[in-house]
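Here are the chains, one letter per residue:
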Amino acid sequence: MTDTPIDRMARATPPHVARRVRGLSDRAIAWLFVAPTIFLLLAINIFPLIWTVRLSFTNFAANRPGREVEWVGLRNYQRILTDDGIWANMQTTAHFLIWTITLQVLIGFTLAWLINRKFRGNDLLTTLIVLPMMLSPAVVGNFWTFLYQPQIGLFNYVVELFTGVPASSFSMLGAGGLAKWSIIIVDTWMWTPFVMLICLAGLRSIPDYIYEAADVDRASKWRQFWTITVPMVLPFLMLAVLFRGIENFKMFDMVVLLTGGGPGNETLLASIDLKREAFEKWRTGYSSAYAIILFVTVFGLASIYVKALNKVKER
Amino acid sequence: MSAYSVTEPSRASKSIAAVLVVVYAIITLLPLLWIISTGFKSGPDSISYPPKVLFEPSLEGYVNLFTTRTRIGAEQFAALPPPETWYDEIVRQSGTVIAGPSRFGERFMNSVIIGFGSTALSIFLGTLAAYAFSRFKVPLKDDLLFFILSTRMMPPIAVAIPIYLMYRELGLSDTHLGMILLYTAVNISLAVWLLKGFIDEIPREYEEAALIDGYTRFQAFRKVVLPQAATGIASTAIFCLIFAWNEYAFAVLLTSGKAQTAPPFIPTIIGVGGQDWPAVAAGATLFLLPVMIFTILLRKHLLRGITFGAVRK
Chain R
1 MTDTPIDRMA RATPPHVARR VRGLSDRAIA WLFVAPTIFL LLAINIFPLI WTVRLSFTNF
61 AANRPGREVE WVGLRNYQRI LTDDGIWANM QTTAHFLIWT ITLQVLIGFT LAWLINRKFR
121 GNDLLTTLIV LPMMLSPAVV GNFWTFLYQP QIGLFNYVVE LFTGVPASSF SMLGAGGLAK
181 WSIIIVDTWM WTPFVMLICL AGLRSIPDYI YEAADVDRAS KWRQFWTITV PMVLPFLMLA
241 VLFRGIENFK MFDMVVLLTG GGPGNETLLA SIDLKREAFE KWRTGYSSAY AIILFVTVFG
301 LASIYVKALN KVKER
Chain D
1 MSAYSVTEPS RASKSIAAVL VVVYAIITLL PLLWIISTGF KSGPDSISYP PKVLFEPSLE
61 GYVNLFTTRT RIGAEQFAAL PPPETWYDEI VRQSGTVIAG PSRFGERFMN SVIIGFGSTA
121 LSIFLGTLAA YAFSRFKVPL KDDLLFFILS TRMMPPIAVA IPIYLMYREL GLSDTHLGMI
181 LLYTAVNISL AVWLLKGFID EIPREYEEAA LIDGYTRFQA FRKVVLPQAA TGIASTAIFC
241 LIFAWNEYAF AVLLTSGKAQ TAPPFIPTII GVGGQDWPAV AAGATLFLLP VMIFTILLRK
301 HLLRGITFGA VRK
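Protein chains in written order, with the UniProt record's numbering: chain R, 1 to 315; chain D, 1 to 313.
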């Protein structure tokens, strides 16, 4: 150790002051504390992303590292944006997004509203209802293929029990147009509690005196619901929709194990198609462009949405 | 306060609400109960129609989960000595013998190692960064915080391509270290955002008092802030652990053998003619149960965790 002026000063000062002098400055600590996180994100998130951008302008194939890589300019992007198959996948994704979000908002809000009646045991029930969303989507998605078996599955049996439609007359995962609903059902089952929890927080944030004041003004319960409850829960609800939207746009694990994108391409969400292009057909350059397009789409839509959300919050 | 309150729901409306919520809870828990019960069914019971609610419990699923079995000729089978253990006996009933242990134990351990490793690293890095963001003037603070969050919006497959290439170059593919670093990178955004919220709630006065008493910043952080933030750190850790535990996309793309975790493994448990459902259910039960327990422990902080600290109760 060299004898720096700081060390000499430290020896000359009383111990309690010395400790502070030898300690790092706040600014240095701030950098020291933040730097490792930023470094890790740069290495494992940003660097790969930049690499993806670079690859997206080439015809690189990861399974053939020896082949000469050609620079193809915007051709990958052009091919993706004019490909009917990809537009069909986008529509499949949109169908999945719109229905899951609609169902989850409706059921989730209703549940939250019911739980907010504060009946006895509501805490315990909330905890139980929340369980599905914390579980591994892959493991659960895989098990749902069993529940959906036409002959032996619980789902079909329950449907028969309540509607009389014979259990073996339909197959949720087979041909016949039901597959795209099968993934919506499982996603709704898993994630309704998420929307419910956020709505519940919204409902509980409304102070009682607002309702009391409305009651004094003789506003009907119905009117109170639409002019107090709904507007005050709206920012919370919109936040829940943002989270579900981003997550379901990226949806991969649950659906891949439930339907694998099939039958045919019926449930081929964009991210599953991307996986096929990248890791089965090994069209690395092409799928990189695909990945960038998806990322820009989520990011763009989320940014617009956040602006709208902030406007609602300001009101 | 008068006995009558306009905001207190009536008795009747409470009962109706309670009944409806109970019905929903039963429906939503049915698939989970089915997973648990299928794990204790024998092969034929698991695929009988109508589905069996009452059945004779069997440990066949669990035995199959942990073993690989082979079918041997009838003569050989007859010549075997009597089964030595209870699990030998279960396996013999279906005309097979145990050939060896299955890979489930290894895969489960991989999940444990990678889950705890990445959680420890995320919490370590996340606590430091969160403290800095909470207490100091970091240049471009809001931009950095948003940058950290935005990394979470990327579809996993989008970064999986270059990570796959990068890991192949660095020799990190299919290694525990590679997966720990990757899950840490994914979890760090959650850790920083949640922990910043928890640290923001600790009054600055405590540290200032410590600084006046002659503590350095670092000592104040270690001896004052960390103990105060312990609950927040613990619940953040559980959230990180659950994410790493459940993750599938990266695991299936970047691991195939040595470092493969349980989620990509469980769906590949095959029996005679398709999936061995009691064994799959047994594996799923063992895999999901810890998360269910953690969820119940976490219930007070659940909302905060799932919204990255955006909603606090």
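These are computed hints drawn from the structure, not numbers from a lab. Treat each hint with caution, since some may be false.
The list that follows gives simulated cross-link-like pairs (lysine-lysine, DSS-like), each with its CA atoms no further than 25 angstroms apart [said to hold, decoys possible]:
(1) R:Lys118 - D:Lys300
(2) D:Lys141 - R:Lys313
(3) D:Lys137 - D:Lys223
(4) D:Lys14 - R:Lys118
(5) R:Lys221 - R:Lys118
(6) R:Lys311 - D:Lys14
(7) D:Lys300 - D:Lys14
(8) D:Lys141 - R:Lys307
(9) R:Lys221 - D:Lys14
Against the structure, test the hints numbered earlier, and report the numbers of the ones violated in rising order. 6
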